[in-house]
Each structure stands twice: as structure tokens, then as C-alpha cells.
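If you want the building blocks of each chain, they are given just below.
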Amino acid sequence: MSRGEIAFWLVPLAAFFALPGYLVLGSQVLIVALFALSLDLILGYAGILSLGHAAFFGVGAYTAGLLAAHGWGEPLSGLMAGAAAAALAGFAASFLVVRGEDLARLMVTLGIGLLLYEAANRAAPITGGVDGLSGVTMWKLLGLFAFDIGGRTAYLYSLAVLVLVFALLKRLTASPFGLALRGIRENRVRMAAIGSPVRARLVAAFTLGAAIAGIAGALLAQTTQFVGLDTLGFNRSAELLIMLVLGGTGRLYGAIIGTAVFMIAQDYLAGINPVYWQFWLGLALVVFVFFARGGILGAIESLRSRR
Amino acid sequence: MIGVLFDGVAYGSVLFLVSVGLSVTMGLMNFVNLAHGAFAMAGGYVCVVAMTRLGVPFLAALPLAFLASAAAGAVLERTLYRRLYGASHLDQVLFSIGLTFMSIATATWLFGPSQQPVRLPEFLRGQVSFAGVDFGIYRLFLVAAVAVITLLLGALVARTRFGARLRAAVDDPQAARGLGIDVDRVFSVAFALGSGLAGLGGALGIEVLGLDASFPLKFMVYFLLVVVVGGAGSVRGPLAAALLLGVLDVAGKYYVPQAGAFVIYAAMVVLLIAFPAGLGRRRA
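Top to bottom, those sequences are chains F and Y.
Positions 993 to 1299 (the numbering used here) are the ones given, in order, by the first sequence.
Positions 4 to 287 (the numbering used here) are the ones given, in order, by the second sequence.
For the record, the hints were derived by calculation from the structure and aren't laboratory data.
Incorrect hints may appear among the rest.
[What the hints assert, rightly or not] Distance windows between CB atoms, simulated: (1) F/PHE1282 <-> Y/ASP174: 26 to 32 Å; (2) Y/GLN130 <-> F/ASN1113: 31 to 37 Å; (3) Y/LEU57 <-> F/TYR1268: 24 to 30 Å; (4) F/ARG1182 <-> Y/ALA63: 54 to 60 Å; (5) Y/LEU70 <-> F/ARG1182: 47 to 53 Å; (6) F/ARG1182 <-> Y/LEU127: 30 to 36 Å; (7) Y/SER132 <-> F/THR1129: 56 to 62 Å; (8) Y/PRO66 <-> F/ILE1186: 54 to 60 Å; (9) F/ILE1264 <-> Y/LEU57: 30 to 36 Å; (10) F/ASN1113 <-> Y/PRO66: 38 to 44 Å; (11) F/VAL1279 <-> Y/GLY115: 24 to 30 Å; (12) Y/TYR258 <-> F/TRP1001: 52 to 58 Å; (13) F/ALA1116 <-> Y/ASP174: 46 to 52 Å.
What you are looking at is a predicted structure, and each value in this text was computed from that prediction instead of being measured.
Think of the CB as a built atom: it goes at the ideal place given N, C-alpha and C, for glycine as much as any other residue.
Only chain F is shown next, with the shape it has when bound in the complex:
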């Protein structure tokens, strides 16, 4: 770990002590950052363009939420259950996703997302439908820390999970597996020609990405003690894509920085007027595509190399 990285991780820790009034927003940022990391694995590293990644976020959220609503409120096992359910869904979906080109992948992921959204919407007796799933009651974390109104437990819990998953992904992307994913992203045919099992690699990456998205979803369900239908929505997938690209793809840190910048800006600007927020978001996207490919981290890198 370099000095810069240590400094980076001290920021959320410092925020815990310095900004006690913003811990609820803070935990949301941490959770969505985790979600963005999962998309970075499949888009930034494996190069799979997905417009329905929220499907797995929602599966994790509903799994953890339903468990807790039906009497099993233990947080860590709920988290694992959410991850397992999302991984299963991701594994099943991956076979449809890896076989096509960009356009077919886009449509299949979009379709899966919409399908699950509609399913949750229609299964109102189980999921609560449009009203959302309430009655989620959590037990104490590790039997020691209750989830409090101020969000202190939720914040530290989310931060700990984020750090753990980040460390795992950092190892993974530096491993031969991560290298193979990048190779597939750059040139699929050549990777197949040198004997890399392209399909198996993509299936593994997509399943893992789905599992991490499921963890993020489960975290949100547990910390907010509520699951809304919007966890599965197209907007969530689209905004996630925007956050990741804003920070910079294929870098891991980009996912976290992009999420933080996006969500803090959203919290501030959408509070003023939601319609303007959508307009400026759209404009920012267009400008970004033309002038700032690579996102914030990409811009910093090119500034550095110019010096």
C-alpha cells in the first residue's frame, strides 16, 4: 500500500469523526461505491457493457431484506445470503451475456433488469411492490453494536465491508485472472488464440461482479432497514454507469471517487431542483464523452504525464 492509498482511506475515517451529521449520506456513498466497484470489475476490467447491473443489487437487497423481515436479522449472514443469491442470478445470466456482441449484451442486461423490476413490482404480497419492503428489523452487528438513528454503526459497517471487498478486488485484478480479463477486454480473439478460456473467465468475472453488487444491495437493505422498488430500476443502473465513468473505469479507485463526487453533487444540486439536476447531468455526460474520457482519474493521470 502506497502512502497515497493510506491517505485516501483515511478520508472516510476522518469524515466519521469530522462530519457526524452526514453519516447517513456517508453510508449511502460507501454502499454505492461498493456497487460501482462491482461494475468496474465487469465493465472496466472484463469489458462487458451492462445496462442492468441494478438487477443484482436488487436481488441482494431483497434477499437480505426478506430474511430480516421474516425473523432472521443477523447482519453478516444476511450479507452472505444476499451475495449468494445475487451470485446465483449473475451466474445464470452470465451465459446469456458472454455469448453476444456489445449490442446484444446491452439488450440482455437491460432485459434482465427490467424483468426483475417488473417481477418485484407484481409480486407485491412478497416484496411490498411499489410501497417497498418495510418491517426489516436488524439484530445487533456481531451481537454488540445496534444500528442507531445517527447511522454510526451503519457507516462503520459499510466502510469495513467496502475496505474488505476493495482489498480482495485489488488482489484479484493484479492476479493472472485480472490480467486475463484485461486481455479479453482489449482483444478477445487473440486471448482465445493463446489458449485463455475466454468464456469461463467472463462467466467468473460476471458472477463475482453480481455477488459484490448483491453485497452492496444487502448492505443498503440492512442499513436503511427498507427495500424500495428503485433498487432494481433502470435509473440506478444508468446512474451507476455514470458514476463509474465519471471517476474513470478500470482503476478501482475511480469507482469510489466517481461515486463520492456524483452523490455529493446530487445531494446538493437535486435539493435545489430535481429537473435542473437531470438536465445538467445529461449535459455533463455529453461534455464528458467529448472532452474527458477516462474520467477524473484519467484527467489527473494525463496532467501528471504532461509534467
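Put chain Y on the given structure of chain F with help from the hints.
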């Protein structure tokens, strides 16, 4: 049964009219354009504004919708779309999502989030009865209008010099360039035409699809689906796909209302698995 089938065909015709331009965009330049619905929405609003604020009759407002959307398409193609032809699909997706968000925000700001009403002229309202089945006159008009436009479009693609250039450019842009065809120009015209048809479809479809500010996102999937299932770059494929989807959607909502949009999304995934290259893809 026949009534449902007919409503499905009417619905499918509107889908086809809006999506056929997208088929050219995706087929010719391999451009993933998620903002196509925005052109349809623009046409719809032009039609509504022309009728309610300027007092233009419905049939005269339709060409206005076509022209306005075609102009908007031409300008955007020249200034923005053109720069992204060689870009990655991710860039194209982000750019067109950005454009979609902007169009939704603009429409909300100008007209509010509510549904826009359209007052059809007297002779297009009501029903006619034939062999014991009621047909809405407007839907008959709709199907007839789309049939005429489709025939014209087919003739344009199959019989004119522009159509020959367009087909050549779809099949092999490089060879077409080598033969002296100005592929960029062909695409500009095709893009404007496609946007115009989308605008016309948006205006004609207010009665069927509705019109509010969330239109581009709400129907995005349907338009994409028509193109992907139908196979990009042809006229016949999207037509078949649009009619199929229209009938499936209407029948699903009619016979299993509790499943809602579930039917269409399930059909989409199944169709994509069964026909990875689309129903009617033209082979180069």
C-alpha cells in the same frame, strides 16, 4: 380476439414507424443510440403545440412534426453524433443517455410532467363495425398511414439511387467509399429521415402510446427491441419485429393483466436467445 390482434397491429405500426430510423443508425453506422425516443417525443410535442396553441389542424400538424424532428436530427448529427461514429459503444451509450436526460428535463421544464392530450378531428373518432367486430377509426387510419409510409420507404430503399447508395453503405462502407459514394452524406440524410419518421411516429402515436416527459426512457426498450429483434439495417425485419411485439404486448396486457409488462420483457429475452442476429438481418 380479432380486436386484440388489430390493436396489436396498430400499436406495432407506431413502434415500427418510430424505430425504423434507429434501425438505419444502428445498422449503417453501428451506433448505439439510446436517445432515439427523444426525437419521437419532440415530434409529439410539436404536434400538440401546433394544434393547441397555433390552431393547426391535426393532419397539417403531422408534417410539421416530421419536419421539426428531421431538422433536429440533422443538426445533432452534423454537430455531435458524427464525432462519435468510430467511438466505443460505451461512449455512444453515455452520450445518448446524456441526450435523453437533457430532453426529458427540457420537456418537463417546458410542458410539465403531465400527459399531453390530443384532440383528434371528428372524422377520425368513433368506431366502425365489420363482421361483428368493432374497429377504432383512428387505429384504421394509423395502420393505413403506416402501410403507405412503409411502401414508400421500401420503394425509396429498393428503387431509387439514394436507396442503392444506402444499401451499399450498409453492406460495406469501405467499398462504397471506394466507389465514390459519399457515405457521410448518405448517413446524414438517412439520420434526418429516420429522426423525421420518429417524430411523425411520436405525433401519430400520442393516441396509442401517450405523450409525457418520460417518453424517451419509457419506450426506449421497445424501440431498441424492435431493432435488435428485427435485425439492424433493414426495413422488413423491424416491421416484422414491431408487429410481433405490438401484438404480444397488447395480448399480454389484455389476457394476463396481472403480469403487466412482464410478458414483453420475457418475450424479449427469449427472442434474443433464439435469434441472436435478429429476424431479418441482411447478409453483406
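Mind listing which of the numbered hints don't hold for this structure, in increasing order? Number 6 - this is the single hint that the structure violates.
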